[in-house]
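A.B. asks: The residues making up each chain are set out below.
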Amino acid sequence: MPATGEAHPRPLVAVAEPLDQTRAAQVLCGRHIFGDGAGAHAELFFGRSPEDFEHRNRYQLCLIPSETGREWLGALVRLNCNYFVECYDGFDLGDLGPLRTAKRGANWDLLVCMSTQSAYQLPMARKFVTALRHRGIIHDTIAPTVEMAVQEAFANSMIHGNLEMNTTGHLSMDRFNELGEETARRLASPIHGGRAIMLTAKKRRNGNVEISIHDQGSGFVPPDETPVPKLPGAESTFGRGLPLIRSLCHDVTFDRGGRTIRLTFAPDASAALPLNTNFVAGLEAAEQAAGQGDLRNPRDATILIADDTMISREIIASYLRSDGFTNLVFAKDGEDALEQAHRHNPDLIILDIIMPKMDGYEVCKALRANPLFAEIPIIAQTALEENEGRTRIFEDGATDLILKPLNKAEMIARTRIHLENRLLVKQLQAYQERTQSELEMARDMQEMLIPKAEQYRGIGLDYGMTISASFQMSSELGGDMWGLAPIDDDRLGVYIVDFAGHGLGAALNTFRLHSLIWSDDRHDDDPGAYLESLNRHLKGLLPVGQYATMLYGIINRTAETFRYASAACTSPVLGNVKTGSTTFLDGSGVPLGVIRDARYETRETAFGIDNFLLLYSDALIETVLDDGALLEGERLLHLVQDIISETGGMPDLASHLADQFMDRAPVKLHDDFTVVSLQPNRQNSSV
Amino acid sequence: MNYTTEKSGNTIKVELNGRFTFGDHSSFRKLIEEIRSQEAETQILDLSGVEFIDSAGLGMLLLARDEGEKSRATVVLKGAQGQVKRMLEVARFDTLFKLED
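Those protein sequences? They're chains S and P, same order as listed.
The numbering of the first sequence is the numbering used here, which starts it at 1 and goes up by one.
The numbering of the second sequence is the numbering used here, which starts it at 1 and goes up by one.
Careful: at least some of the hints might be erroneous.
What the hints assert, rightly or not - Taking lysine to any residue pairs in the SDA-like style, the calculated list, with each CA pair at most 20 Å apart, reads:
1. Lys452/S with Glu433/S
2. Lys404/S with Gly389/S
3. Lys30/P with Gly389/S
4. Lys85/P with Pro144/S
5. Lys70/P with Lys98/P
6. Lys30/P with Glu182/S
7. Lys332/S with Tyr319/S
8. Lys85/P with Ala143/S
9. Lys30/P with Gly180/S
10. Lys85/P with Asp627/S
11. Lys30/P with Arg175/S
12. Lys30/P with Lys404/S
FYI, nobody ran anything at the bench for these hints, they're computed from the structure.
Keep in mind that this is a model prediction, so the values were computed, not measured.
Produce the complete structure using the sequences and hints provided.
C.D. replies: Laid out in structure tokens, this is it:
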């Protein structure tokens with residue numbers, strides 16, 4: 001502890017393994033990341049994948065290891081953190097640092113800093129934009145435009161900036177090959193390839209989003225404004241896209257001697273529809289509550305009248321009293337207005353602009369700067385008729401303006417309107433906070449039904465398998481659930497469930513089924529017989545019209561089989577890492593809870609060391625992706641094949657698949673999203 | 001980006017897949033060598049499986065066109081959609097290539 005006894009804020013830092021304590025401490029010491037030196041006493045959390053980090057924790061920084069490739073790019077979307085920094089050999093932020101302080105309130109809404117070597121290989125623009133969408137910083141509708149601009153600007157900073165490649169002149173095939181070889185050489189050298197490249201994004205108050213790309217090269221000098229060439233002829237060269245970037249953004253500016261390019265995007269006006277579906281429900285509830293009397297009557301509101309002349313104060317008071325407002329307090333100048341506001345905590349303020357000591361503008365600013373008064377209605381009254389003063393008072397935070405001489409009817413009408421709005425908003429906020437916290441509790445409870453990353457990994461280890469999973473709850477509560485049931489040394493049971501519908505009802509049903517599954521340890525039965533018994537129990541519990549789809553299967557590693565039964569579940573994908581082939585298993589069967597004596601067939605397939613299995617909920621195949629199509633049938637099989645061939649059979653299939661899905665799916669899913677993959681570890685596979 | 005090639009008669013058809021961006025140097029180089037090694041009057045680049053292209057990718061398409069001209073082959077761009085289609089339009093590739101749906 002410092003001598004002053006002042007406690008240092010301890011930033012929470014998520015550290016991706018295989019980075020260890022020593023390496024993290026090395027990178028965090030000094031002031032190049034945390035400008036206040038708080039990195040030295042950061043609280044470190046370690047994890048192997050983004051799923052390992054508690055979502056309720058807000059991490060100030062995530063350190064990612066070098067050369068991990070795509071796995072950790074997924075953290076941009078899935079981790080509750082805004083700052084991602086790769087710890088590569090020769091890591092040196094230079095004038096890019098410090099990145100932040102440990103205090104709350106970061107400069108950037110999203111920041112990613114990587115070495116040129118790593119970033120070159122990765123779809124950075126795509127991931128960055130996906131992460132911005134998921135954080136609500138940009139809307140789905142402008143995302144494709146933003147991605148194109150970021151991709152071009154990123155390529156510019158990387159190729160012209162950090163790698164200092166000269167790509168001007170006519171591009172022949174020979175020249176192209178030369179450039180390619182030179183790029184590879186420079187990427188491999190610490191001088192060029194070891195330079196950092198940083199992407200940052202910030203949403204401004206006016207709704208504009210600024211995305212900047214910062215490099216450590218010698219500075220890119222933008223060419224003079226030349227008109228976009230009509231035809232891309234011989235001059236079109238590798239990585240040159242400034243005219244294109246300009247055509248995609250609201251504005252493009254350069255900074256740090258051309259080593260920072262800043263793109264500004266204006267929000268898409270057509271997308272400014274209310275996103276919050278709770279809003280309408282909240283409004284109805286507030287209206288109901290209004291009738292129940294716990295909404296305060298606007299006439300009981302406390303109104304502060306701030307005016308330097310007594311006559312004016314009396315006139316306003318008499319108008320308001322005549323309409324039934326009796327809780328009036330007064331202030332005679334600007335300073336007094338602030339004092340009275342603090343003393344009486346009024347519901348509305350009527351404020352004169354021209355006043356001694358402190359004028360109305362200053363009072364407005366001071367009030368708005370205080371969170372306590374951030375939303376209180378302020379009606380400014382003034383004799384100023386010129387536009388400048390009127391605009392200014394609104395900029396300083398006034399809600400409304402009334403011109404002197406005052407008109408009684410107008411004064412009363414505006415007071416009433418603002419008070420009613422104010423009380424309604426208060427009610428809505430209270431209602432939303434309450435439902436929000438209840439929903440969050442239900443979500444947390446539902447998440448507890450699903451194995452945590454360390455649990456499923458540990459179980460996988462016991463069975464010589466790699467198990468990977470990704471679960472994303474829909475905007476409402478959903479009915480997805482999955483789990484593992486170890487039976488004996490050879491056999492591992494696995495199930496995936498999706499209750500029809502969503503909302504509280506579906507969530508409650510998942511709880512019911514979960515307790516049924518775990519109330520009885522007989523998972524070693526024949527899967528078909530198991531589903532039959534589960535169905536009989538569930539039919540007795542579920543109201544008519546509610547049902548679930550489920551698959552239960554047993555992997556036997558000695559017999560090398562997968563035996564399963566399905567109640568209308570999505571068809572699992574069975575693949576082979578060696579041959580790259582993929583095929584659907586049979587998911588047909590009657591849903592659970594529909595008929596009492598449903599029969600379920602036990603199906604069997606070979607499941608050897610080269611195989612893998614993918615289970616998923618229907619959100620994966622029933623969500624319309626950005627190209628208007630679904631990820632179903634052959635398309636899903638192909639995507640799985642691509643992932644397997646791209647990753648060389650690396651077994652984190654579920655999280656790779658989830659990452660690719662999220663790149664292309666809308667932010668708000670209508671249903672829970674679950675993907676689980678199971679794959680035996682191959683002894684001879686390379687590490 | 002990955003690709004598959006298929007030759008039938010005087011036509012060579014290349015199916016490109018994935019993202020086609022500045023990092024796809026070496027796979028593009030391999031592709032050009034593969035096309036070069038086969039005689040064909042028409043080279044069809046099927047872009048329907050390409051989900052994203054940047055200006056570097058466009059530059060590479062232009063190179064493919066130059067290479068095609070050297071061996072007097074016509075280069076056709078086929079099936080571009082979404083962002084790829086938009087980029088081809090912005091860059092007025094209709095004036096440089098034969099475009100097919």
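A.B. asks: For each hint given before, does the structure comply? Return the numbers of the non-compliant ones in rising order.
C.D. replies: 1, 3 and 12
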